[in-house]
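Asks: At position 119 of the sequence shown the residue is numbered 119 (the UniProt record's numbering), and the sequence of numbers has no breaks.
Quick caveat, the hints were computed from the structure, so don't treat them as lab data. What you were told as hints is all true, and nothing was included just to trick you.
Straight-line C-alpha distance at most 20 Å; calculated SDA-like pairs for lysine to any residue:
#1 K244 with D191
#2 K286 with L206
#3 K286 with P205
#4 K141 with F15
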Amino acid sequence: MDQFKGFDGRELEFFLPDTPERFDSQSFKGSTLIFPVVSIGNVPQLVVDLLIFGCLKDDRVGLGPIQRVGTLDPVDHIPVVSLRDKRFHIHSQKDRQIEHQDGLISDPIEVYQTSDRLYTIVQQRSPVIRALKESHIEKLKRWIICSRFSSILLLVSVDSATRSDAQLVEGSSSPFYHLNLENHPQSLSDDSTQIRKNLINRLDPLVGPTRGKSLNNGGCEKRGQVVPVLSAGGLSRRILINFKNHNQNLSLNDHQGLPEVNSLVMYACEGDNRSDSIRFLKELLKILKSSSESNSESRSDHNASGDGLNELECEPLSWNMLKNVNFSKINVELFG
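Build the full structure now, drawing on both the sequences and the hints.
Replies: This is the structure in structure tokens:
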């Protein structure tokens with residue numbers, strides 16, 4: 001099939017399973033890949049922390065048990081490691097906490113999966129080395145295609161200072177938008193996944209400037225749908241353009257074997273982004289778990305009040321340096 005033209009089977013080696021002897025090569029087939037792009041405020045990474053550790057007090061809105069299944073090849077990433085957090089469920093809700101797993105470390109880019117395999121979640125803890133961006137995106141795309149994911153949902157934060165006048169005067173204070181790659185022109189609208197339908201029903205499409213710094217080599221955008229500039233959005237635009245360029249010359253039959261590509265975008269700024277991540281997570285879970293009833297909700301439910309921190313049962317240990325109380329001592333030492 002043409003969507004695999006030029007692939008040689010080594011693409012699957014991009015994933016390194018934690019237990020190779022028990023790994024099922026079909027475990028990703030039909031799963032939805034949730035991929036947080038390193039972007040402004042690291043909001044997507046904070047969202048995934050909350051998701052994989054199940055930190056919200058209300059367990060009913062989560063995705064169920066989530067386990068680490070492996071890593072992606074970290075050779076393209078800045079080499080950093082840390083102690084790995086683990087969520088312990090002890091005797092009661094009040095006893096739940098996060099502790100370090102003895103002797104285990106977190107890798108630059110980890111892969112988690114729900115017990116039902118409906119969702120595969122990447123946690124990227126280290127950015128890609130600048131000189132390796134294009135080759136990394138190509139390897140990532142090839143792994144995604146060969147693994148037969150049904151759809152991809154990129155989580156992206158972009159600079160709130162770049163909101164357009166139109167977005168500011170629309171009367172909505174929602175920071176969320178969707179940005180989806182178009183389906184094949186001959187495909188039916190019913191071919192869209194429920195996630196895409198939920199995104200479209202709940203959120204406005206992201207419309208932004210289409211001209212900016214040119215993308216070199218594999219990042220060059222060809223004809224067809226134009227992907228807007230995503231200021232401080234990391235590699236998100238390059239990823240979208242790479243998939244678009246790969247897909248646009250395929251026939252309808254070949255295109256049907258490719259994953260649908262969607263993005264959930266939030267306007268944010270640098271700072272203490274814990275409250276942003278909670279708000280983002282709640283929006284993400286509504287999109288993933290929306291029923292026909294929740295699809296009819298008013299869009300005003302995006303406009304949550306408060307910082308949301310009271311909705312957390314606990315925080316990941318890696319969040320300790322996000323708290324302003326920790327920075328206050330540092331600021332006194334630096335600035336008096």
